[in-house]
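Here is how the chains run, residue by residue.
Number of protein chains: 2
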Amino acid sequence: MGKGSIFIVSGPSGVGKGTVVKKAIERCDNVFLSVSCTTRAPREGEIDGVQYYFISKEEFEGRIKNNYFIEYERYVDNYYGTPALPVLKAIEEGKNVILEIEVGGARQAKKRYEDAVLVFVAPPSNEELKRRLLKRDEGNEVALAAVDKRIERAKEEYNFIEGYDYIIINDDVDLCTDRLLSIIKAENLRVRSNKKLIEKLHEL
Amino acid sequence: MGKGSIFIVSGPSGVGKGTVVKKAIERCDNVFLSVSCTTRAPREGEIDGVQYYFISKEEFEGRIKNNYFIEYERYVDNYYGTPALPVLKAIEEGKNVILEIEVGGARQAKKRYEDAVLVFVAPPSNEELKRRLLKRDEGNEVALAAVDKRIERAKEEYNFIEGYDYIIINDDVDLCTDRLLSIIKAENLRVRSNKKLIEKLHEL
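Chains as they are written, first to last, in the working numbering: chain A, 45 to 248; chain B, 45 to 248.
In short, the hints are calculated from the structure, not lab data.
Any given hint could turn out to be false.
The list makes no distinction among identical chains, and a pair is therefore deemed to hold if it is satisfied within one copy or across any two copies.
Taking lysine to any residue pairs in the SDA-like style, the calculated list, with each CA pair at most 25 Å apart, reads [as the list claims (entries may be wrong)]: (1) 244 x 175; (2) 174 x 217; (3) 109 x 239; (4) 66 x 222; (5) 229 x 121; (6) 239 x 170; (7) 179 x 72; (8) 179 x 225; (9) 139 x 180; (10) 239 x 86; (11) 174 x 83; (12) 179 x 246; (13) 229 x 60; (14) 229 x 158; (15) 174 x 204; (16) 199 x 95; (17) 155 x 91; (18) 239 x 106; (19) 67 x 85; (20) 229 x 209; (21) 139 x 100; (22) 244 x 77; (23) 240 x 132; (24) 199 x 232; (25) 244 x 99.
Since the structure is predicted, the reported quantities are computational estimates derived from the model, not experimental observations.
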């Protein structure tokens, strides 16, 4: 068993990356999702330690100072961040950890952990992305304006793709999950993830 | 359809890399084996253009001067080399080309084509490699001396592993083929192999 890897999955809102990540975790027993910390209030049904670790703003800012996070971002009035320790412990144990984070956070994480693998989930076309966003917001009064805003945001996100290692198209959830799992499998076969095995060969 | 990649597969004699490559090609319709040129005489049953392109020493040396080869090596009195043009043409067409070459040639090829993906096929253990070599040479008088020589050669080859991208263990032919195919699939999802697709996204 070699070392696992950190996989950072990003992509525009509405592309379906959450579903793909969920399916990948279901299908592969050494792939886990990192649980982030946030200062926003839990929504109905959300459990501390499952969707997020819910902590106070003071606590969060203290942790920023202590380098507790692989990456963190502030949206409006709330912080969101990925704790480093559980992720690093898991990859040493041969597990793979998926971080679902925004393009800005992905860049931060890659700077700190250059072996982190960056995967961008893209829609088959921009028309299809728009269609999915509209469908998701059906019946919502603010739908159209919100969709336009998300499409604008998608455009900005595409400018980060060149900094990613892989791009996977979500034309079909199962095919897209296959792609993500192939990437995870291949990365686990990297020479740098198999140092112990190579040491054993040298003992000839 | 993105660009294909060059996959250089190496590994010690007896590890079974030929069988793994053959199975990978059978199982995947956009994976091809590059046909090398050689100056050695064809053996019984070998067909020009299938196992090798058989050319004269003068012809080979002329082609070296013209940068015809991705890599070439001289063993004893014969040259062996990988023609560049058909390989580059195939990868532009989205095909993946496997080159089964020695560690020295692999290093040459990687210098010239830095996007070439280097895969080292390793035995599950050195004892197993010895067992496979002995089995293959059963009934052969020079078997033991030849096996020892190959094991010595394997030791030297292991020193090159750190220059490879991936290491796959051939404990089981089908599992090892799965590993090679995952690597090929993942490499085809690289951002650098999907420039046209990314251009299309930018057209939003």
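Hint by hint, here is what the structure shows:
no.: 1; hint: 244 x 175; result: between (53 Å within a copy, 17 Å between copies)
no.: 2; hint: 174 x 217; result: within (17 Å within a copy, 45 Å between copies)
no.: 3; hint: 109 x 239; result: neither (33 Å within a copy, 39 Å between copies)
no.: 4; hint: 66 x 222; result: both (12 Å within a copy, 23 Å between copies)
no.: 5; hint: 229 x 121; result: neither (38 Å within a copy, 41 Å between copies)
no.: 6; hint: 239 x 170; result: between (42 Å within a copy, 16 Å between copies)
no.: 7; hint: 179 x 72; result: neither (30 Å within a copy, 37 Å between copies)
no.: 8; hint: 179 x 225; result: neither (28 Å within a copy, 36 Å between copies)
no.: 9; hint: 139 x 180; result: neither (33 Å within a copy, 38 Å between copies)
no.: 10; hint: 239 x 86; result: neither (42 Å within a copy, 41 Å between copies)
no.: 11; hint: 174 x 83; result: neither (30 Å within a copy, 59 Å between copies)
no.: 12; hint: 179 x 246; result: between (57 Å within a copy, 23 Å between copies)
no.: 13; hint: 229 x 60; result: both (21 Å within a copy, 21 Å between copies)
no.: 14; hint: 229 x 158; result: both (18 Å within a copy, 22 Å between copies)
no.: 15; hint: 174 x 204; result: within (20 Å within a copy, 49 Å between copies)
no.: 16; hint: 199 x 95; result: neither (28 Å within a copy, 50 Å between copies)
no.: 17; hint: 155 x 91; result: neither (31 Å within a copy, 52 Å between copies)
no.: 18; hint: 239 x 106; result: neither (36 Å within a copy, 42 Å between copies)
no.: 19; hint: 67 x 85; result: neither (27 Å within a copy, 54 Å between copies)
no.: 20; hint: 229 x 209; result: both (15 Å within a copy, 14 Å between copies)
no.: 21; hint: 139 x 100; result: neither (30 Å within a copy, 53 Å between copies)
no.: 22; hint: 244 x 77; result: neither (31 Å within a copy, 31 Å between copies)
no.: 23; hint: 240 x 132; result: within (18 Å within a copy, 35 Å between copies)
no.: 24; hint: 199 x 232; result: between (32 Å within a copy, 24 Å between copies)
no.: 25; hint: 244 x 99; result: neither (45 Å within a copy, 41 Å between copies)
Of the numbered hints stated above, those contradicted by the structure are hints 3, 5, 7, 8, 9, 10, 11, 16, 17, 18, 19, 21, 22 and 25, listed in ascending order.
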